[in-house]
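Student: Residues per chain are reported as follows:
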Amino acid sequence: EAGVAQSPRYKIIEKRQSVAFWCNPISGHATLYWYQQILGQGPKLLIQFQNNGVVDDSQLPKDRFSAERLKGVDSTLKIQPAKLEDSAVYLCASSSRAQTQYFGPGTRLLVL
Amino acid sequence: GIQVEQSPPDLILQEGANSTLRCNFSDSVNNLQWFHQNPWGQLINLFYIPSGTKQNGRLSATTVATERYSLLYISSSQTTDSGVYFCAVLYSGGGADGLTFGKGTHLIIQP
Numbered sequence: 001e002a003g004v005a006q007s008p009r010y011k012i013i014e015k016r017q018s019v020a021f022w023c024n025p026i027s028g029h030a031t032l033y034w035y036q037q038i039l040g041q042g043p044k045l046l047i048q049f050q051n052n053g054v055v056d057d058s059q060l061p062k063d064r065f066s067a068e069r070l071k072g073v074d075s076t077l078k079i080q081p082a083k084l085e086d087s088a089v090y091l092c093a094s095s096s097r098a099q100t101q102y103f104g105p106g107t108r109l110l111v112l
Numbered sequence: 001g002i003q004v005e006q007s008p009p010d011l012i013l014q015e016g017a018n019s020t021l022r023c024n025f026s027d028s029v030n031n032l033q034w035f036h037q038n039p040w041g042q043l044i045n046l047f048y049i050p051s052g053t054k055q056n057g058r059l060s061a062t063t064v065a066t067e068r069y070s071l072l073y074i075s076s077s078q079t080t081d082s083g084v085y086f087c088a089v090l091y092s093g094g095g096a097d098g099l100t101f102g103k104g105t106h107l108i109i110q111p
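Taken in sequence, the protein lines are chains D and C. Quick note, the first sequence lines up with residues 1 to 112 if you use this note's numbering. Quick note, the second sequence lines up with residues 1 to 111 if you use this note's numbering.
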């Protein structure tokens with residue numbers, strides 16, 4: 001069974017630019033999560049989708065971050081405009097029926 | 001929100017040693033997972049263990065939900081065990097399923 005796929009793996013941008021990350025969850029997993037992991041800390045949930053609906057986006061900085069999961073499968077997370085403090089690893093995870101969450105390899109973002 | 005504390009924050013051991021990592025949490029949970037984050041940043045599932053005891057090779061874990069703690073045991077450590085170990089929980093009183101992570105235990109196994 002294929003794991004969670006993410007792309008790109010690395011991204012370097014200037015502050016105030018925009019960037020987008022893509023995630024493909026494990027086949028059949030209805031729940032998809034985006035986490036942000038700042039260096040030296042544990043991951044923090046940004047947004048949770050159940051199929052194509054948002055369950056929790058209370059920690060998503062909505063003035064600059066947006067996410068969508070239009071067909072209930074793949075998801076895109078966007079940052080516009082990026083700030084220096086957005087430098088982090090962005091992790092996508094998926095699960096079936098609120099059980100074990102499986103994480104992708106992450107996208108490392110550096111904002112200069 | 002729920003608080004997750006892991007100890008020790010750092011641990012340096014010689015190859016072959018045994019270790020115990022602890023995770024304390026502040027409220028009741030529906031889900032508790034242990035992860036190993038390797039040097040490339042990949043989070044690898046070790047255990048899904050909201051209660052009870054599980055074993056997988058040299059690793060085992062115990063969660064005592066009523067006392068709000070979980071332990072991860074690593075026996076006969078190998079250099080490939082190095083990395084950061086995270087405990088993550090799902091608060092049972094919440095409506096969503098996002099995990100709350102501790103700050104991790106950074107484990108270094110020396111040859």
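Simulated from the structure, these hints should not be mistaken for lab results. By construction, the Cβ of each residue, glycine as well, lies at the ideal position given by its N, Cα and C atoms. Keep in mind that the hints are not guaranteed to be accurate.
Covered by chain C, according to a simulated footprint, are these stretches of chain D (three or more residues, beta-carbon under 8 Å) [said to hold, decoys possible]:
hint: 1; region: 42–54
hint: 2; region: 104–110
Below, simulated DSSO-like cross-link-like pairs (lysine-lysine); rule was C-alpha separation at most 27 Å, straight line [claimed, not checked]:
hint: 3; chain 1: D; residue 1: Lys83; chain 2: D; residue 2: Lys15
hint: 4; chain 1: D; residue 1: Lys71; chain 2: D; residue 2: Lys15
hint: 5; chain 1: D; residue 1: Lys11; chain 2: C; residue 2: Lys103
hint: 6; chain 1: D; residue 1: Lys62; chain 2: D; residue 2: Lys15
hint: 7; chain 1: D; residue 1: Lys11; chain 2: D; residue 2: Lys44
hint: 8; chain 1: D; residue 1: Lys11; chain 2: D; residue 2: Lys78
hint: 9; chain 1: D; residue 1: Lys15; chain 2: D; residue 2: Lys78
hint: 10; chain 1: C; residue 1: Lys54; chain 2: C; residue 2: Lys103
hint: 11; chain 1: D; residue 1: Lys62; chain 2: C; residue 2: Lys54
hint: 12; chain 1: C; residue 1: Lys103; chain 2: D; residue 2: Lys44
hint: 13; chain 1: D; residue 1: Lys11; chain 2: D; residue 2: Lys62
hint: 14; chain 1: D; residue 1: Lys44; chain 2: D; residue 2: Lys62
hint: 15; chain 1: C; residue 1: Lys103; chain 2: D; residue 2: Lys78
hint: 16; chain 1: C; residue 1: Lys103; chain 2: D; residue 2: Lys83
hint: 17; chain 1: D; residue 1: Lys71; chain 2: D; residue 2: Lys11
Student: For every hint, state whether the structure bears it out.
Tutor: Now the hints, each set against the structure:
| no. | hint | in the structure |
| --- | --- | --- |
| 1 | 42–54 | holds (count 5) |
| 2 | 104–110 | holds (count 3) |
| 3 | D/Lys83 / D/Lys15 | holds, 5 Å |
| 4 | D/Lys71 / D/Lys15 | violated, 31 Å |
| 5 | D/Lys11 / C/Lys103 | holds, 25 Å |
| 6 | D/Lys62 / D/Lys15 | holds, 17 Å |
| 7 | D/Lys11 / D/Lys44 | holds, 20 Å |
| 8 | D/Lys11 / D/Lys78 | holds, 13 Å |
| 9 | D/Lys15 / D/Lys78 | holds, 14 Å |
| 10 | C/Lys54 / C/Lys103 | holds, 23 Å |
| 11 | D/Lys62 / C/Lys54 | violated, 40 Å |
| 12 | C/Lys103 / D/Lys44 | holds, 11 Å |
| 13 | D/Lys11 / D/Lys62 | holds, 21 Å |
| 14 | D/Lys44 / D/Lys62 | holds, 15 Å |
| 15 | C/Lys103 / D/Lys78 | holds, 26 Å |
| 16 | C/Lys103 / D/Lys83 | holds, 24 Å |
| 17 | D/Lys71 / D/Lys11 | holds, 26 Å |
In summary, the structure is inconsistent with hints 4, 11 from the numbered list given earlier, while agreeing with the others.
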